[in-house]
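Could you put the whole structure together from the sequences, leaning on the hints where they help?
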Amino acid sequence: MINLRSLDLNLLVTLDVLLAERNVTRAARRLNYSQPSVSVHLAKLRDIFGDPLLLPGPRGMQATARAEELRQPLREALESLERAVTPGRPFNPAESEHTWRVAASDSSGATILLPAMTAIRAAAPGTRLAVLDLVPSHIAKQAEQGEVDLAFHTEEGSPPGLRRRKLFAERYVLAGRAGHPRLRARLTLAEFCELEHVMMSPDRGGFHGATDDVLANAGLKRKVVLSVPHFLLMLSVLASTDLVAMLPSRLVRNTQALQVIEPPLDVPGYDMVMLWHERSHRDPAHQWLREIIATLA
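Under the working numbering, the first residue of the sequence shown is numbered 1, with each subsequent residue one higher.
Don't read these hints as lab results, they were simulated from the structure. From a predicted model like this one, the values you see are computed outputs, not experimental measurements. Any given hint could be a false lead.
[As the list claims (entries may be wrong)] In silico SDA-like pairs for lysine to any residue, Cα to Cα no more than 20 Å straight-line: (1) Lys-166 <-> Gln-287; (2) Lys-44 <-> Asn-10; (3) Lys-223 <-> Arg-182; (4) Lys-44 <-> Asn-32; (5) Lys-166 <-> Leu-114; (6) Lys-44 <-> Arg-66; (7) Lys-166 <-> Leu-113; (8) Lys-221 <-> Asp-266; (9) Lys-221 <-> Glu-191; (10) Lys-223 <-> Ile-261; (11) Lys-44 <-> Ala-65; (12) Lys-44 <-> Asn-23; (13) Lys-166 <-> Asn-10; (14) Lys-221 <-> Ser-201; (15) Lys-221 <-> Phe-207; (16) Lys-166 <-> Ala-110; (17) Lys-141 <-> Thr-127.
Rendered as structure tokens:
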């Protein structure tokens with residue numbers, strides 16, 4: 001048995017060229033070696049394989065039966081190795097049939113992916129994009145195992161160990177239906193607390209959030225009468241009732257069915273980041289997608 005760990009790859013490259021040229025001088029020229037160096041390589045190869053491999057003949061060197069057995073498998077193996085170590089081709093979005101998998105909440109899907117979709121479809125019409133539900137506790141494992149290419153999450157609470165890029169800083173605004181009888185600029189805190197609120201509950205079913213923390217510090221409390229698990233449902237509720245909500249500003253910009261004003265209290269916003277694993281950091285297709293999304297977010 002030949003121990004591959006102790007086998008010099010350069011010897012196999014020499015053997016491949018020798019089997020193609022059947023001449024030490026021509027092989028040395030192709031390899032940019034001296035003729036004595038090629039002869040030394042051939043001697044080592046004969047010792048490794050226990051076979052003369054190439055013998056003098058009337059029209060150059062003749063391959064032994066063992067050498068003929070090695071010729072095609074050796075060529076294929078070296079070609080595979082060359083492909084493995086050759087830098088990948090630049091990503092061509094117009095010709096790509098790539099499928100990307102992205103983890104996003106309904107809000108990040110609407111504010112990050114939706115603005116990028118037209119550009120992605122125009123530049124890469126043969127590609128596909130799968131949007132998966134964002135489960136924050138699963139992001140790191142999904143990225144590590146290649147189940148998702150990208151994920152969108154707030155900077156605070158994002159899993160460590162992943163690459164990240166800040167997309168934008170978000171702030172909160174107060175929104176209700178267009179023509180809401182009690183929603184007007186410069187609400188007082190008391191008026192704000194008297195309104196009936198709907199909130200997106202991060203813990204699914206809760207009635208307390210960041211806004212309530214700020215109010216509690218001031219000794220105040222608002223009326224939260226509805227909590228929902230998704231922002232999409234919340235927007236429908238706002239458009240068809242007199243409930244109001246504190247929402248990320250990007251989610252309600254250019255929404256004609258809603259009236260948006262500055263709230264009478266300062267609720268800390270958050271930074272939205274794009275997350276991905278080191279394994280795909282240098283992939284040209286992945287880099288292209290990240291740049292498109294970051295540019296348009």
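Results of checking the hints against the structure:
1. Lys-166 <-> Gln-287: It holds: about 15 Å lies between the C-alpha atoms, which stays within 20 Å.
2. Lys-44 <-> Asn-10: With a Cα-Cα distance of about 11 Å, the restraint between Lys-44 and Asn-10 holds, given a limit of 20 Å.
3. Lys-223 <-> Arg-182: With Cα atoms ~14 Å apart, Lys-223 and Arg-182 stay inside 20 Å; holds.
4. Lys-44 <-> Asn-32: holds, 18 Å
5. Lys-166 <-> Leu-114: holds, 18 Å
6. Lys-44 <-> Arg-66: Satisfied, since the Cα-Cα distance of roughly 15 Å is no more than 20 Å.
7. Lys-166 <-> Leu-113: Judged against 20 Å, a Cα distance of about 15 Å means the pair holds.
8. Lys-221 <-> Asp-266: holds, 15 Å
9. Lys-221 <-> Glu-191: holds, 11 Å
10. Lys-223 <-> Ile-261: Satisfied, since the Cα-Cα distance of roughly 18 Å is no more than 20 Å.
11. Lys-44 <-> Ala-65: Cα-Cα ~18 Å, so holds.
12. Lys-44 <-> Asn-23: Between Lys-44 and Asn-23 the Cα gap is close to 17 Å, so the pair holds against 20 Å.
13. Lys-166 <-> Asn-10: violated, 46 Å
14. Lys-221 <-> Ser-201: Cα-Cα ~17 Å, so holds.
15. Lys-221 <-> Phe-207: Answer holds: Lys-221 to Phe-207 is near 11 Å, not above 20 Å.
16. Lys-166 <-> Ala-110: holds, 17 Å
17. Lys-141 <-> Thr-127: Roughly 25 Å between the alpha carbons, so the hint for Lys-141 and Thr-127 is violated.
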